[in-house]
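Enquirer: All chains should be built: construct the whole structure from the sequences, respecting the hints.
These protein sequence lines map, in sequence, to chains A and B. Residue 103 in my numbering sits at position 103 of the first sequence, and the numbers go up by one each step. Residue 55 in my numbering sits at position 55 of the second sequence, and the numbers go up by one each step.
Derived from the structure by calculation, the hints contain no laboratory data. Be aware that a few hints might be false.
[Unchecked claim] If you anchor each label on the Cβ, the simulated ranges turn out as follows:
| hint | chain 1 | residue 1 | chain 2 | residue 2 | range |
| --- | --- | --- | --- | --- | --- |
| 1 | B | ASP122 | A | CYS125 | 44 to 52 Å |
| 2 | B | THR120 | A | CYS125 | 39 to 47 Å |
| 3 | B | PRO57 | A | ASP122 | 46 to 54 Å |
[Unchecked claim] Computed far set for chain B versus chain A, every beta-carbon distance over 10 Å:
| hint | residue |
| --- | --- |
| 4 | GLU5 |
| 5 | ARG7 |
| 6 | GLU30 |
| 7 | ARG36 |
| 8 | ALA37 |
| 9 | GLU38 |
| 10 | ALA45 |
| 11 | HIS47 |
| 12 | PRO49 |
| 13 | TRP59 |
| 14 | ARG91 |
| 15 | ASN92 |
| 16 | THR120 |
Heads up, the beta-carbon is just placed ideally off N, CA and C, and yes, glycines get one too.
2 protein chains.
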Amino acid sequence: MDTAEVRAGEELADLPATRDAGLIFIGRIETPWTLRAECPRGGDAEHGPDCRVILDPRWQAALKGLTAGDGLQLLYWMDRARRDLVLQSPRNDGQTLGTFAIRSPCRPNPIASSVVRLMTLDGPCLVVRGLDCVSGTPLLDIKPHRLNPA
Amino acid sequence: MDTAEVRAGEELADLPATRDAGLIFIGRIETPWTLRAECPRGGDAEHGPDCRVILDPRWQAALKGLTAGDGLQLLYWMDRARRDLVLQSPRNDGQTLGTFAIRSPCRPNPIASSVVRLMTLDGPCLVVRGLDCVSGTPLLDIKPHRLNPA
Chain A
1 MDTAEVRAGE
11 ELADLPATRD
21 AGLIFIGRIE
31 TPWTLRAECP
41 RGGDAEHGPD
51 CRVILDPRWQ
61 AALKGLTAGD
71 GLQLLYWMDR
81 ARRDLVLQSP
91 RNDGQTLGTF
101 AIRSPCRPNP
111 IASSVVRLMT
121 LDGPCLVVRG
131 LDCVSGTPLL
141 DIKPHRLNPA
Chain B
1 MDTAEVRAGE
11 ELADLPATRD
21 AGLIFIGRIE
31 TPWTLRAECP
41 RGGDAEHGPD
51 CRVILDPRWQ
61 AALKGLTAGD
71 GLQLLYWMDR
81 ARRDLVLQSP
91 RNDGQTLGTF
101 AIRSPCRPNP
111 IASSVVRLMT
121 LDGPCLVVRG
131 LDCVSGTPLL
141 DIKPHRLNPA
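Expert: Quick look at the structure:
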């Protein structure tokens, strides 16, 4: 899906002129995908490719307590996605669903949430499986998440 | 936990002077809790109390396709939480864990993520079970999420 395009049947909202709070990008995600069209629809924490998360050294101490094998929830910012779509047509067939009924990157706050498995941890660099985004995507948060046994 | 207090053993980072992206508050959450200390640690999508989500009418059309009984993932903004803690002592006993190894509201981007069950939907007002935050918390996103059968 081209995240800038507007398709037949889709509806837009007027975005507010101001923002209510500010985000800090805490790192970057490196994946095998450079275009949105190449990305899988949702990641696979068991069989997906290894991806790297490069944390800003400012936050490195905050990794204390994480170990390889852990399940994590990552939040990241879909910075190429338009934010004003309220009705979307994922299949581009004129049929629409509300933005809150699908997990498209296009939403008022384009925050993606994925569950991943931590494979290795080396200083500020994490290798994880389960991501679905283009390489270079800004990271917002890392939280512990209980995964089923591998 | 008082989200402003700093405890023995906790460590702070210097926050960047600028923000990298802006958030839009899309609604408010109403819960039975007015103080952080009253909130449960994590919600219960089956047996938790009914809470109300009041969506800004600007985004109401984006609910199309959601129905009572659905599982949802809500993202919301913990606006009372400090953002500079890298090591935290959840039990206030001098033992610390990294911010990314716990789900405390205090984190560089204080975005909470909870899985809830949609009980009723009436215009821009959703009744859900599974929240854990103080009343008045700003809403950031609603995403579909598959729940186990009730």
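Enquirer: Would you mind marking each hint as holding or not holding in the structure?
Expert: Hints, one by one, checked against the model:
Hint check: ASP122 of chain B to CYS125 of chain A, Cβ distance near 48 Å, so the stated range 44 to 52 Å holds. The supplied range of 39 to 47 Å is met by THR120 of chain B and CYS125 of chain A, whose beta-carbon atoms lie about 46 Å from each other. Checked against the hint of 46 to 54 Å, the pair PRO57 of chain B and ASP122 of chain A passes, with Cβ atoms roughly 48 Å apart. At roughly 18 Å from the closest C-beta of chain A, the C-beta of GLU5 of chain B stays outside 10 Å, upholding its exclusion from the interface.
Look at ARG7 of chain B: its CB is around 15 Å from the nearest CB on chain A, clear of 10 Å, so calling it non-interface holds up. Residue placement check: GLU30 of chain B keeps its beta carbon more than 10 Å from all beta carbons of chain A (closest about 18 Å). Its beta-carbon lying about 18 Å from the closest one in chain A, ARG36 of chain B satisfies the requirement of being farther than 10 Å from that chain. At roughly 21 Å from the closest C-beta of chain A, the C-beta of ALA37 of chain B stays outside 10 Å, upholding its exclusion from the interface.
No Cβ of chain A approaches the Cβ of GLU38 of chain B within 10 Å, the least distance being about 22 Å, so the stated non-interface status holds. Even its closest Cβ contact with chain A, about 15 Å, leaves ALA45 of chain B beyond 10 Å, as expected for a residue assigned away from the interface. With 10 Å as the threshold on Cβ separation, the claim that HIS47 of chain B sits away from chain A holds: the shortest Cβ distance comes to roughly 19 Å. Against the 10 Å criterion, PRO49 of chain B stays outside the reach of chain A, whose nearest CB is about 22 Å from its own CB.
Its beta-carbon lying about 6 Å from the closest one in chain A, TRP59 of chain B breaks the requirement of being farther than 10 Å from that chain. Against chain A, the non-interface label of ARG91 of chain B holds: every CB pair exceeds 10 Å, the least being about 13 Å. Against chain A, the non-interface label of ASN92 of chain B holds: every CB pair exceeds 10 Å, the least being about 17 Å. Annotated as non-interface, THR120 of chain B keeps its C-beta farther than 10 Å from every C-beta of chain A; the closest such distance is 15 Å.
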